[in-house]
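A.B. asks: Listed below, chain by chain, are the residues.
2 protein chains.
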Amino acid sequence: MQTIALNTKSRPSTVLCGAGAAKQLDTILDGKDVFVVTDENVYGLYKDFIAENFGGAPVCVLPAGERHKNRRSLFTILDKMLQARLRRNSTLVAFGGGVVGDMGGLAASLYMRGIHAVQVPTTLLAQVDSSVGGKTAIDHRGVKNVIGTFYQPEYVVCDPLFLRTLPQRELKCGLGEIIKTGALDAKILDKLERNAERFFDFSFLEEITADCVRFKAGVVEKDECERSGLRKCLNMGHTTGHALELFYKRRSHGEYVLIGMLLESYIAEKFDICAHDYAEELRALIGKVLKRVPRFENIAEAAGLALYDKKNQGENEVSLILPAKRGEFAELRLTDEDYIGSVEEIAGGLA
Amino acid sequence: MQTIALNTKSRPSTVLCGAGAAKQLDTILDGKDVFVVTDENVYGLYKDFIAENFGGAPVCVLPAGERHKNRRSLFTILDKMLQARLRRNSTLVAFGGGVVGDMGGLAASLYMRGIHAVQVPTTLLAQVDSSVGGKTAIDHRGVKNVIGTFYQPEYVVCDPLFLRTLPQRELKCGLGEIIKTGALDAKILDKLERNAERFFDFSFLEEITADCVRFKAGVVEKDECERSGLRKCLNMGHTTGHALELFYKRRSHGEYVLIGMLLESYIAEKFDICAHDYAEELRALIGKVLKRVPRFENIAEAAGLALYDKKNQGENEVSLILPAKRGEFAELRLTDEDYIGSVEEIAGGLA
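In the order they appear, the protein sequences are chains A and B.
The opening position of the first sequence corresponds to residue 1 in the UniProt record's numbering, with each subsequent residue numbered one higher.
The opening position of the second sequence corresponds to residue 1 in the UniProt record's numbering, with each subsequent residue numbered one higher.
Since the hints were made in silico from the structure, they are not lab data.
From a predicted model like this one, the values you see are computed outputs, not experimental measurements.
Treat the hints loosely; a few may be bogus.
Said to hold, decoys possible - Quick list of in silico lysine-lysine cross-link-like pairs, DSS-like style, CA-CA up to 30 Å:
hint, chain 1, residue 1, chain 2, residue 2
1, B, Lys80, A, Lys144
2, B, Lys249, A, Lys80
3, B, Lys325, B, Lys222
4, B, Lys232, A, Lys32
5, A, Lys32, B, Lys32
6, B, Lys187, B, Lys9
7, B, Lys23, A, Lys9
8, B, Lys9, B, Lys23
9, B, Lys9, A, Lys9
10, A, Lys144, B, Lys249
11, A, Lys32, B, Lys191
12, A, Lys80, B, Lys325
13, B, Lys222, A, Lys222
14, A, Lys187, A, Lys9
15, B, Lys23, B, Lys144
16, B, Lys144, A, Lys80
17, A, Lys9, B, Lys32
18, B, Lys270, B, Lys187
19, B, Lys80, A, Lys232
20, A, Lys32, B, Lys270
21, B, Lys325, A, Lys9
22, A, Lys80, A, Lys187
23, A, Lys187, A, Lys270
24, B, Lys32, A, Lys144
25, B, Lys32, A, Lys249
26, B, Lys249, B, Lys187
27, A, Lys232, A, Lys187
28, A, Lys222, B, Lys32
29, B, Lys9, A, Lys222
30, A, Lys9, B, Lys232
Unchecked claim - To be clear about the criterion: a stretch of chain A counts as covered by chain B if any three or more of its residues have a C-beta under 8 Å from a C-beta of chain B, and this derived list gives those stretches:
hint, stretch
31, 148-161
32, 242-254
No residue lacks a Cβ here, since even glycine has one placed at the ideal position from N, Cα and C.
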């Protein structure tokens, strides 16, 4: 198990990563007034684990799925926290995937203007990405993550133990963010290329998760609230990915990130941000996880949703974080016309 | 006009205090994408001011009053922000009293995980207290301020211009917090005692407002999120005040703070926290504003609500911030029995 410190100006956060991390919950929560947030799927699988590790704490079980990441679920949590008479020194444990983590984190940041939060991510995606860095959110009126806070959890506990109950599709989802991190950090990229046949091997996932968390912690420490521009790099593949996710809804977030990265790698080439060979290298890695690219109907309309993304500050401009060379990225701003036209052309060529 | 810096770890805030402050809005908002939150009362009085100073910006007009400081109003603001297609670099201006400031600040802190906020408090209470320091909130299920954030506004603009349209009762409300500050800071107390006949004089209010803001800024800089205990001092009179406010609802927040301070000054004496003469001195000041203490029915039940206050961490204990001597305060923790019994006895003696 590795201990990774994430020290922002707002409050310190500690990430415990690797086998045995979950065993530390005992110590972390010792003597604390605990409240658990989870969802129906996770509760079904880990009812006993919850009873043993959060002994007697009230448990708020939410309906599962991104479509429940909304105002109603947020207030379900807050109401249960009030019923449980939580105080400012109580601790909320978000035990589940990204949706549980985002909403649990938001509720913890809002209740009495902020109580302690501990994230126990149970999916690969949440372990490598969403549980670390303090972003919390709900979706609202069709806009992803438009209501939320930056609020660092006291601890994040990433144990590969929980990955064993994940369907293959969920592993792919996390691999999307792992490959994205590789496109930002040369050492992680090397490791991914050397281990391209071990992507679904738990011992490899345990190791690469810690690498990705350490990389993300470094970025978040320098730009917690996405103000300087650095943290934006973590959005590589997400502009196009989010737009397609919003429009088509069928696949998981991680798969849309992979598809976004794939399409954007061609955009990077087209606008001379990235050389052909390096783009091909990244696409080869993406191909290890994303076996085939679906055919998208009305992709121009879908891509148009990128204009509504909160990262796009201008009215008719889309900002893209693109791979430039190993370990380097660049931001490209395109007019809506250029962006939508490019996505349409590239997707057409792949179909 | 005075410029008071409030530099917390999270983000810097600047308070402009005094005649002419409102004229600075032009410069502050120059070139910004602005969104205004206000309420029906303020809008009725300042429609022209809003049109001139926030030229063309969308205005969200909320129903007036503390009973609208709730989830519904919060989402009214957030929905209008989405409709106005605000971006992360947009600026929300909260133009009104404490309720508008608390909810506008909360919406600004949540929309896209935080956009710029400017507070333009139009009541004396909001100018001396609630607009400064970054506390935002809504009430929920009968609990005051139970959902909120700590989020510093970029600017707070306190102009005595707005005080001229306030009813006398609203001035009293602000004077409650001013006298509270006097009980925490010896210099402010001296000034209040020297000017006890000028409490309703605008030039005095302008001067003392800046003093109170400077005092509060110093406290908030040292303990933004009320963790070290220092910021708790600002809650003097509030434990009892809030409980009575919740139970009786009839009077304003500032009046309940004065009543709370009055009752708690006797508690301070009873438990040997404060000498009789100093307590009498404070009560003389309170008496300049609070002409008579109302008779309270069922005060034991009302005082019992203090147990639900978010500042009280224990199950059956009430924390009180009490005056000790000039410029000094002390925290006293009482069992619910001792606290309720004392309030009942003291209020009975005053009636």
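A.B. asks: Now, for every hint given, state plainly whether the structure supports it.
C.D. replies: Tested hints:
Our distance criterion of 30 Å between C-alpha atoms is met by Lys80 (chain B) and Lys144 (chain A), whose separation comes to about 17 Å. For a cut-off of 30 Å, the pair hint linking Lys249 (chain B) to Lys80 (chain A) stands: about 26 Å separates their Cα positions. Between Lys325 (chain B) and Lys222 (chain B), the direct Cα distance comes to roughly 22 Å. Compliance with the 30 Å bound is thereby established for this hinted pair. Proximity of Lys232 (chain B) to Lys32 (chain A) is assessed by CA-CA distance (about 22 Å); at most 30 Å being required, the pair is judged to hold.
Distance restraint check for Lys32 (chain A) and Lys32 (chain B): the Cα-Cα separation of roughly 45 Å exceeds the 30 Å cut-off, and the hinted pair is therefore not satisfied. With a C-alpha separation of about 27 Å, the suggested pair Lys187 (chain B) and Lys9 (chain B) falls inside the 30 Å cut-off, and the hint holds. Between Lys23 (chain B) and Lys9 (chain A) the CA atoms are separated by roughly 33 Å; this puts the pair beyond 30 Å, and the hint is violated. Between Lys9 (chain B) and Lys23 (chain B) the CA atoms are separated by roughly 29 Å; this keeps the pair inside 30 Å, and the hint holds.
About 6 Å separates the Cα atoms of Lys9 (chain B) and Lys9 (chain A), which keeps this hinted pair within 30 Å; it holds. This hinted pair does not check out: Lys144 (chain A) and Lys249 (chain B) have alpha carbons roughly 39 Å apart, beyond 30 Å. For the hint pairing Lys32 (chain A) with Lys191 (chain B), the CA-to-CA distance comes to about 46 Å; that exceeds 30 Å, so the pair is violated. Annotation: proposed proximity of Lys80 (chain A) to Lys325 (chain B) is violated, straight-line Cα distance about 42 Å (limit 30 Å).
Restraint check: the Cα-Cα separation between Lys222 (chain B) and Lys222 (chain A) comes to about 23 Å, which is no more than 30 Å; the hinted pair holds. Using a Cα cut-off of 30 Å, the hinted pair Lys187 (chain A) and Lys9 (chain A) holds, with the two alpha carbons roughly 27 Å apart. For the hint pairing Lys23 (chain B) with Lys144 (chain B), the CA-to-CA distance comes to about 34 Å; that exceeds 30 Å, so the pair is violated. For the hint linking Lys144 (chain B) to Lys80 (chain A), the alpha-carbon distance of about 17 Å falls within 30 Å, and the restraint holds.
For the proposed pair Lys9 (chain A) and Lys32 (chain B), the alpha carbon gap of about 27 Å is at most 30 Å, so the pair holds. Distance check on the hinted pair: Lys270 (chain B) and Lys187 (chain B) sit about 26 Å apart at the alpha-carbon level, within 30 Å; holds. This hinted pair checks out: Lys80 (chain B) and Lys232 (chain A) have alpha carbons roughly 26 Å apart, not beyond 30 Å. With a CA separation close to 34 Å, the supplied pair Lys32 (chain A) and Lys270 (chain B) exceeds the 30 Å bound.
With a C-alpha separation of about 35 Å, the suggested pairing of Lys325 (chain B) with Lys9 (chain A) is violated against the 30 Å cut-off. Our distance criterion of 30 Å between C-alpha atoms is broken by Lys80 (chain A) and Lys187 (chain A), whose separation comes to about 44 Å. As the CA atoms of Lys187 (chain A) and Lys270 (chain A) are separated by approximately 26 Å, the hinted pair is consistent with the 30 Å bound. Proximity of Lys32 (chain B) to Lys144 (chain A) is assessed by CA-CA distance (about 25 Å); at most 30 Å being required, the pair is judged to hold.
Simply put, Lys32 (chain B) and Lys249 (chain A) have alpha-carbon atoms about 35 Å apart, too far for the 30 Å limit, and the pair is violated. This hinted pair does not check out: Lys249 (chain B) and Lys187 (chain B) have alpha carbons roughly 33 Å apart, beyond 30 Å. As the CA atoms of Lys232 (chain A) and Lys187 (chain A) are separated by approximately 20 Å, the hinted pair is consistent with the 30 Å bound. Distance check on the hinted pair: Lys222 (chain A) and Lys32 (chain B) sit about 26 Å apart at the alpha-carbon level, within 30 Å; holds.
The suggested pairing of Lys9 (chain B) with Lys222 (chain A) holds, with an alpha-carbon distance near 14 Å, which does not exceed 30 Å. About 22 Å separates the Cα atoms of Lys9 (chain A) and Lys232 (chain B), which keeps this hinted pair within 30 Å; it holds. Coverage of the stretch 148-161 of chain A by chain B holds. Counting CB-CB distances below 8 Å, 3 residues qualify, and the rule asks for three or more. With a threshold of 8 Å between beta carbons, the proposed coverage of the stretch 242-254 of chain A by chain B is violated, since 0 of its residues qualify and at least three are required.
The earlier numbered hints that this structure contradicts are 5, 7, 10, 11, 12, 15, 20, 21, 22, 25, 26 and 32.
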